[in-house]
Structure formats: structure tokens, C-alpha cells
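Student: With the sequences and hints as input, model every part of the structure.
Residues per chain, in single letters:
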Amino acid sequence: MKEFNIVLAGVGGQGVLLASQILGVSAVKEGFNVRVSEIHGMAQRGGAVVSHVRIGEKVYSPTVLEGDADVILGFEPLEALRNMKYASQKTLVIISKETIVPTGFSLEPVQYPSFDEMVAKIRIFTEKLVVIDALELARKAGSPITRNIVLLGALAACNVLPIRTETLRETIKELVRPAYLEMNLKAFNLGYETVKK
Amino acid sequence: MVRLEDLLLEGSPGKRVLLLGNEAIARGVLENGIEVVTTYPGTPASEIGDSVSLVAKDAGVYMEYSANEKVAVEVAAGAAASGVRVLVAMKHVGVNVAADALMTLAYVGVRAAYILVTADDPNCYSSQNEQDNRYYALLANLPMLEPSSPQEAKDMVGYAVEISEKLELPCIIRTTTRISHTRGPVTLGKILKPNLKGKFIRDVKRFVMVPANSRIQHRVLLEKMEKAARISEESPYNLIVREGKSRVGIISSSAAYNYVLEAVDKLGLDVSILRLGMTHPLPKNKIIEFMKKHDRIIIVEELEPYLEFQIRALAKDYVPSVQIHGRADHPKLFPKYSEFSTRMVIEALSGVLGKKLPIDFERIDRKYAEASSILLPRPPILCPGCPHRASFYVIKRVTGGKAICTTDIGCYALGIQPPLQIGDMLICMGASVGTASGISKVIEENVVAVIGDSTFFHAALPGLVNAVYNNHNFVLIVLDNLTTAMTGHQPHPGTGMTGTGVPGKRILIEDVAKGCGVEYVKVVNPFDVDEAVQVLREAIQHKGVAVLVFRAPCALLVTAEKRRKAEPIVPAKILSEECTSCMACIRLIGCPALVPSNGKVVINDALCVGCMLCAKVCPYNAIVKADGGEHS
Numbered sequence: 020m021k022e023f024n025i026v027l028a029g030v031g032g033q034g035v036l037l038a039s040q041i042l043g044v045s046a047v048k049e050g051f052n053v054r055v056s057e058i059h060g061m062a063q064r065g066g067a068v069v070s071h072v073r074i075g076e077k078v079y080s081p082t083v084l085e086g087d088a089d090v091i092l093g094f095e096p097l098e099a100l101r102n103m104k105y106a107s108q109k110t111l112v113i114i115s116k117e118t119i120v121p122t123g124f125s126l127e128p129v130q131y132p133s134f135d136e137m138v139a140k141i142r143i144f145t146e147k148l149v150v151i152d153a154l155e156l157a158r159k160a161g162s163p164i165t166r167n168i169v170l171l172g173a174l175a176a177c178n179v180l181p182i183r184t185e186t187l188r189e190t191i192k193e194l195v196r197p198a199y200l201e202m203n204l205k206a207f208n209l210g211y212e213t214v215k216k
Numbered sequence: 005m006v007r008l009e010d011l012l013l014e015g016s017p018g019k020r021v022l023l024l025g026n027e028a029i030a031r032g033v034l035e036n037g038i039e040v041v042t043t044y045p046g047t048p049a050s051e052i053g054d055s056v057s058l059v060a061k062d063a064g065v066y067m068e069y070s071a072n073e074k075v076a077v078e079v080a081a082g083a084a085a086s087g088v089r090v091l092v093a094m095k096h097v098g099v100n101v102a103a104d105a106l107m108t109l110a111y112v113g114v115r116a117a118y119i120l121v122t123a124d125d126p127n128c129y130s131s132q133n134e135q136d137n138r139y140y141a142l143l144a145n146l147p148m149l150e151p152s153s154p155q156e157a158k159d160m161v162g163y164a165v166e167i168s169e170k171l172e173l174p175c176i177i178r179t180t181t182r183i184s185h186t187r188g189p190v191t192l193g194k195i196l197k198p199n200l201k202g203k204f205i206r207d208v209k210r211f212v213m214v215p216a217n218s219r220i221q222h223r224v225l226l227e228k229m230e231k232a233a234r235i236s237e238e239s240p241y242n243l244i245v246r247e248g249k250s251r252v253g254i255i256s257s258s259a260a261y262n263y264v265l266e267a268v269d270k271l272g273l274d275v276s277i278l279r280l281g282m283t284h285p286l287p288k289n290k291i292i293e294f295m296k297k298h299d300r301i302i303i304v305e306e307l308e309p310y311l312e313f314q315i316r317a318l319a320k321d322y323v324p325s326v327q328i329h330g331r332a333d334h335p336k337l338f339p340k341y342s343e344f345s346t347r348m349v350i351e352a353l354s355g356v357l358g359k360k361l362p363i364d365f366e367r368i369d370r371k372y373a374e375a376s377s378i379l380l381p382r383p384p385i386l387c388p389g390c391p392h393r394a395s396f397y398v399i400k401r402v403t404g405g406k407a408i409c410t411t412d413i414g415c416y417a418l419g420i421q422p423p424l425q426i427g428d429m430l431i432c433m434g435a436s437v438g439t440a441s442g443i444s445k446v447i448e449e450n451v452v453a454v455i456g457d458s459t460f461f462h463a464a465l466p467g468l469v470n471a472v473y474n475n476h477n478f479v480l481i482v483l484d485n486l487t488t489a490m491t492g493h494q495p496h497p498g499t500g501m502t503g504t505g506v507p508g509k510r511i512l513i514e515d516v517a518k519g520c521g522v523e524y525v526k527v528v529n530p531f532d533v534d535e536a537v538q539v540l541r542e543a544i545q546h547k548g549v550a551v552l553v554f555r556a557p558c559a560l561l562v563t564a565e566k567r568r569k570a571e572p573i574v575p576a577k578i579l580s581e582e583c584t585s586c587m588a589c590i591r592l593i594g595c596p597a598l599v600p601s602n603g604k605v606v607i608n609d610a611l612c613v614g615c616m617l618c619a620k621v622c623p624y625n626a627i628v629k630a631d632g633g634e635h636s
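From first to last, the protein sequence lines stand for chains U and W. The first sequence lines up with residues 20 to 216 when you count with our numbering. The second sequence lines up with residues 5 to 636 when you count with our numbering.
Incorrect hints may appear among the rest.
[Said to hold, decoys possible] Pairs of lysine-lysine residues, derived as DSS-like cross-links and limited to a Cα-Cα distance of at most 27 Å, are as follows:
#, chain 1, residue 1, chain 2, residue 2
1, W, K400, W, K547
2, U, K147, U, K21
3, U, K116, W, K604
4, W, K371, U, K109
5, W, K194, U, K77
6, W, K249, W, K359
7, W, K194, U, K48
8, W, K249, U, K77
9, W, K19, U, K21
For the record, the hints were derived by calculation from the structure and aren't laboratory data.
Tutor: Right, dumping it as C-alpha cells:
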């Protein structure tokens, strides 16, 4: 099997790292080799956060080669766009509608681009695009903090992962605090069902 | 729920689990009977100590967050001199702080395994520089190992224990961000309970480094390193991992080795690869033999040409016919800065060998340039609710932005972002105090130094004593958020809690300042804006050094605590009938939860944690708690 490459892009605080860890643990459960790259520390504080998950029989580099992503999971559209160099026409891009305007530019004449503009730019790379209102679904599940799990549900529904959906659910049970488990499983299902429809 | 501590304590050898490189090193501690672990937190090394702290009690390990890296190295040195296995972990610049102890510790050596982990940060993801700490092994004359994966990170702890005890020397394990912060599957080994009882056997000639003893011990060290060279020749980590038919060989190590494997594959190269896992001392004979079998050798390493200098010297003396490629002849293909990637190594190898690129990167770049034309930068910023934002607002309001502000290492370095823009000089831990002294001596304007609580204990004390003693004149503001926030909320002497949750003695920053002879010392909550403004005005008027402690807990701790207690996090709300859309809130404090939208301000309630600083700066009292409650 050729390796399967996922780029998760978002803003610090959106739960990018937990989502990538869930993918990584699930891949190990299914007997794969895996590399998950993370960025901690200063870069995490409200800044752009990106994590790469590479699943396969032989994987060495923790980071994805340009043009070689199978999936880009965009927690925020501007951040999805920032990572499009990893995309090619075969790449599936899933983006959440939640926009977070970078601070410090709030009063500048440069405006945060419209959602449609960002989608048009993403289409330069690929037509395989799924848009989901992960924040809204997360609120429905019980809290905005479950938006990362909504997105994992959406990804699972796309039938591209080399990981079974049941394994993802099992891993969520292992990695999420018991008090929040029900909420997160609900979030996963909401993401899953919304895309299935 | 499977917690990290469960994985680290997992008893069944052979089990395969996903671990971060740093967590794998922590597991290595438990599998090798290491009894003492000391550290000062710093990205990308922090999770080593953090992971050990989670399991220290159950595993019978003594773990501490030391006040700084020098102390961490010394505490471990004392334990290892008493025959107990130790591991010390720190980020690359931490070794600078510890270097004084380390250089001479190499002379006296150890009586049980001593592992020093240095985590380097190519590309400065979370650091003030990207120095290459492999040179410390060369400088101190210490053996060094470099893992390329989380599995190796764990395994090399065991190998380092073996080397360290064979040589009676500290052994360095050098990682980089891409090793420390990569998760990968790790096959667990058997846990070895530490059961060594420390015993200090006097040996003045060995352990007391007065000149007469040092001269002898230096020679002892050099003899040990000759033994180390023989270990390196036989090391299973210095290995030809691939034999190709072409006359080209690649030598690589650490993170770069991973990119080499993938690049060679993508380029379809039939080359040999010598992978170096023990990089000090180098396996000279193995390298010479490898060079003899090839016409051309390509050296792929991040940062400094550490391998290249040594290998070029070997080639000149032993294999003059071989052509060496690397940074010296291709500085653009193998830059000395930042980190490598598979793409860079593909481009470098194809450039050196004149081979066509297998991927049209230029096309990707063109498309990306077109797509990214609308991108806005998103630098890291202070979190919503961060008390530093309040502190910086107070400093700016009092000084009108005219004071020169020296700053320090921590989240508060993010204060340089607009609109607060506090921070005019930053070099290293504790330097805000020393640089403020120098600046205040020679300029007319007021000087304000800011430093974090953990950083204060780490490196500010000599600077503060110096400033008081030498009659310097500035205000030192300690931004006390009651934790080491940037690196993951570790405790420090000012919190009164030790690394393993055992209560320790709480040392108050204000008491320390008074003890250092500072005459003007005050503590204030920066969210009490008016009071903080008043106190800072007075402090600036004070002749000499004034110390203010701006104390309010880190916003991430406050929200985590509320979530734990299932208390609601009530955001702020804008009263639309009062708001004049003057934008003062955004202009003055630049909180990420305040978002301009069609000429009005909107509060992003998914980000806002209700600190209410915006309400305090609003000229029209147009911001209130969303539930109508009082401001805290």
C-alpha cells in the first residue's frame, strides 16, 4: 500500500492535535506504521496550527511531501488554503465553515477574504471538496470544543481512510475524558451523517 | 479512557503503542531503571519531564522541575556520582545555561548512567535561535546518540545507559523538533524498577576539580573518548542501511535521514546509505571504508556542517580520490538554516546528481502563489483572556508607548504584536533584567523590563541583584500567571507545588525582590486596570530598581478549571444601543475574540472567556457579561 497522507490545518485551540492523535492511534490499532507530526509551544497560541498524519506500511518522514496529500482537513478555511501546496487534483479537501479572523489585521484595510473567494482558490488545486458547518454541528452536540470530532466524523463518511470508522469511535472513547464522551460521540455521528447525506 | 500514564506504565512487553518521541524517551526511563529525572521545561523537550512527572510516584522515580537547566544538570550529577541512574532533559538553549556544569562534569564523570537529552529546534518553531547542539558533544568530549524515530528515541535511552556506564561518562541524546514532536508506533520493552540505593564514595582526586586534579582528569576523559570511538565503530546505529550499485553513497543522521530514505525512493536512486545514529565520536573506520567503496559521497544533515567538516577531513587524509558533496559545494541546496523536508532533499539530491526532478514542484509553487494571493498571516497571539494583555495595556497606557521595554522568554514575547507592541529587546532567559540595566544607564527615556514568573526564578536573580547593587534605574514587572504557561503549565518555585504534585515551599516573588534589596515592591492584579496604572506610575517615579508583580492566573488554567468543575464560561456581550462602533476595544487591546464585522464590533463567543478587559477599556460602557452578571 502506498502511504495515506492527511494534513490537518486550523487555528490553535481548535483541537487539531487531538484529532491527529485519534487518527494516529487508530492507524496503529489497524496494524499500520504511522507518523504524526505536531507543533507545540509558542506556535500553538492562537496561531496557524498544522499537523500531518502519514499512514502506511513504510513511513519515515513525519511531514507530507508537497502535492502528496490524500486529504486536507481544514478546521478553518483560510488555514486550509494556507496548506494547499500539499494538494493535487486527487486530494479531497474537507473544510469547516467556521472563520477566525487573524488578530492584528482586524483594522487593516486588508480584509479577511470571503468564504466563496477561498473556495475558488482551493478549486485551483482540486474539485474534490466537502464543506461542513462543523461549529454549528458541534454546538448541536453540546459544545464548540467538539468541532474537531465533527470533522473526523465527516472524514470517516467520505470512505477514503484506510481506517475503519468503528476503530475511530473506539479511539475517541480512549482519548476523550469520560465526562465529555457522549458529547463527542454525538459530534462524530453528526459529522458523519451530515456528509453521508 | 486510556491515559498517557497507563501507556507509560503498561506492563506487557511487545505491545505496540503510539507515542510522541518525548513520551518514548520517558518510557525509556522506566525500561532502564533510571531513578532520577531532572529538567527545566522548554519546547521541544517539555513532554519528557511532563510524562515522567505523571508516572514518577508509581514508577519509583524521583522527578523534579529544577529552577533552571544548570541546576538540573547538577542535581543529576550529584545523584549519578552517588551511583544512581539519571536522565536530564532540556531544550537546546538550556544546554547553554547548563554548559558550565556540563564541561567539567565530563572531567569527573559518573558512577551510574547519566543521560542528557538536548532537543534542538531547527526552524525556531518555539525558540529564540536554531543553534546546533551537536557541537556540545565535540566541545565537552561526550558521546552522543541521535534517534530518527520515536522507537529509536526509546531504544537509545537503553543504549545510552550502556555506553554511559561503560565509559563512566554522561551520554548525550540529541533530538530535534521533528523527533521529539513526532508520534510513531513504539514497541514496548520490559519495565525495570529502579532499586539502586545511592552511596557516595569519596574520591577527591576524581570529584574535586582543583587544577591539579583537573589536569589529570582531562587526560582520563580523553582516554575514555578513545574507548567511545571503538564503541562507535561497532555501534548497531552506525549502519549501512542500503547498498546500491551506483558509485554514489549518502551519509545522513537524525531527522534528515528520514527525508533521505523517502527522497531516494521518489528519485529511484540506486545509492548506498550510511546512517549514523552515534554521531560522537564518529565511526572513522566505518566512514573511511564506506567512502572507499564510492566515487561520490553526499552528506545530508540539518543546520551546521557538523558531519561534513569531520568527514571532509577524513576524506582528505584517507580517501583523497572521493568527491564529497554537501554544504561546502552546494550551500543553496543544503542550507545551514531552518529544517529540511523530503522536497528539499529530493531537490538537493537531484541537483547534485544532475537527475531530473520526479515531481513538478515549480507547477505546485505557481498554483500555490495564485491560490495564496489572498492569504493573511496568522502569527501566534496572546490567548483571549490572557492576563498579559491586561498588563501590556497598562504599560502602554502609562508610558504612552515611549518607554523602552525589554522582554523575555515566554508567552509574553507575543506582546510585540500590534496593537500592544510591548517588547523592544529579547535575547534569552533572564536577559530582560540585564539589558534593562544597560539601556537605562545610557538613555533618557524610562525603561521597563517584563519577565515571566518561571523565567524570574530561572535566570533573573543575578541580574536583579546586580541592578540593585549597581544603582540601576528601571521598573521590572514580573508577569506572574502562576505557571510556566508556554511550555505546558509546569509548576515552578512560585507555585509551591513540585513536579510530582507533592507540596513544596512556595517562594513569593515579592519576597525574593525585597530580599535582593529592592525598595519599591508591589503586587497588583493587572485586570484591576486603574490600580495597576496607579502603581506603575509610582514605580516609574521611584529612583532605582522597582519591582511590580502583576499577578493573575493564566487564562488557559482558568478555563480548564471551570470546565473541570462544569462551571459555565460566560462570554462578554456588546450592548448594541450603547456601542458607537468606535473600535477602541480592538484598537487598544487587540483581543482575538473582538472581531470587526461591517463596521461594527462583534464578540466571537466561541473564543471569548469573559475576562472583561474590553469592558474596562470601552469608553461607552457598552460591553457587559452575556448573562448580565457583574464583572469579576
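Student: Check the hint pairing K400 (chain W) with K547 (chain W) against an upper bound of 27 Å on the C-alpha distance.
Tutor: Distance of about 21 Å is within 27 Å: holds.
Student: Would you check the hint for K19 (chain W) and K21 (chain U), treating anything up to 27 Å between C-alpha atoms as holding?
Tutor: 25 Å, holds
Student: Are K371 (chain W) and K109 (chain U) close enough, with their CA atoms no more than 27 Å apart?
Tutor: 15 Å, holds
Student: Holds or violated: K194 (chain W) and K48 (chain U), Cα atoms, limit 27 Å.
Tutor: Judged against 27 Å, a Cα distance of about 21 Å means the pair holds.
Student: Is the straight-line distance between the alpha-carbon of K249 (chain W) and that of K359 (chain W) 27 Å or less?
Tutor: The given pair, whose Cα atoms are some 16 Å apart, holds under the 27 Å limit.
Student: Would you check the hint for K194 (chain W) and K77 (chain U), treating anything up to 27 Å between C-alpha atoms as holding?
Tutor: Given that 27 Å is the threshold and the Cα spacing comes to 26 Å, the pair holds.
Student: Hint check: K116 (chain U) vs K604 (chain W), CA-CA at most 27 Å. Holds or violated?
Tutor: Roughly 21 Å between the alpha carbons, so the hint for K116 (chain U) and K604 (chain W) holds.
Student: Does K21 (chain U) lie within 27 Å of K147 (chain U) when you go C-alpha to C-alpha?
Tutor: 20 Å, holds
Student: Do the alpha carbons of K249 (chain W) and K77 (chain U) lie within 27 Å of each other, as the hint requires?
Tutor: 23 Å, holds
Comparing the model with each numbered hint stated earlier shows that all of them hold.
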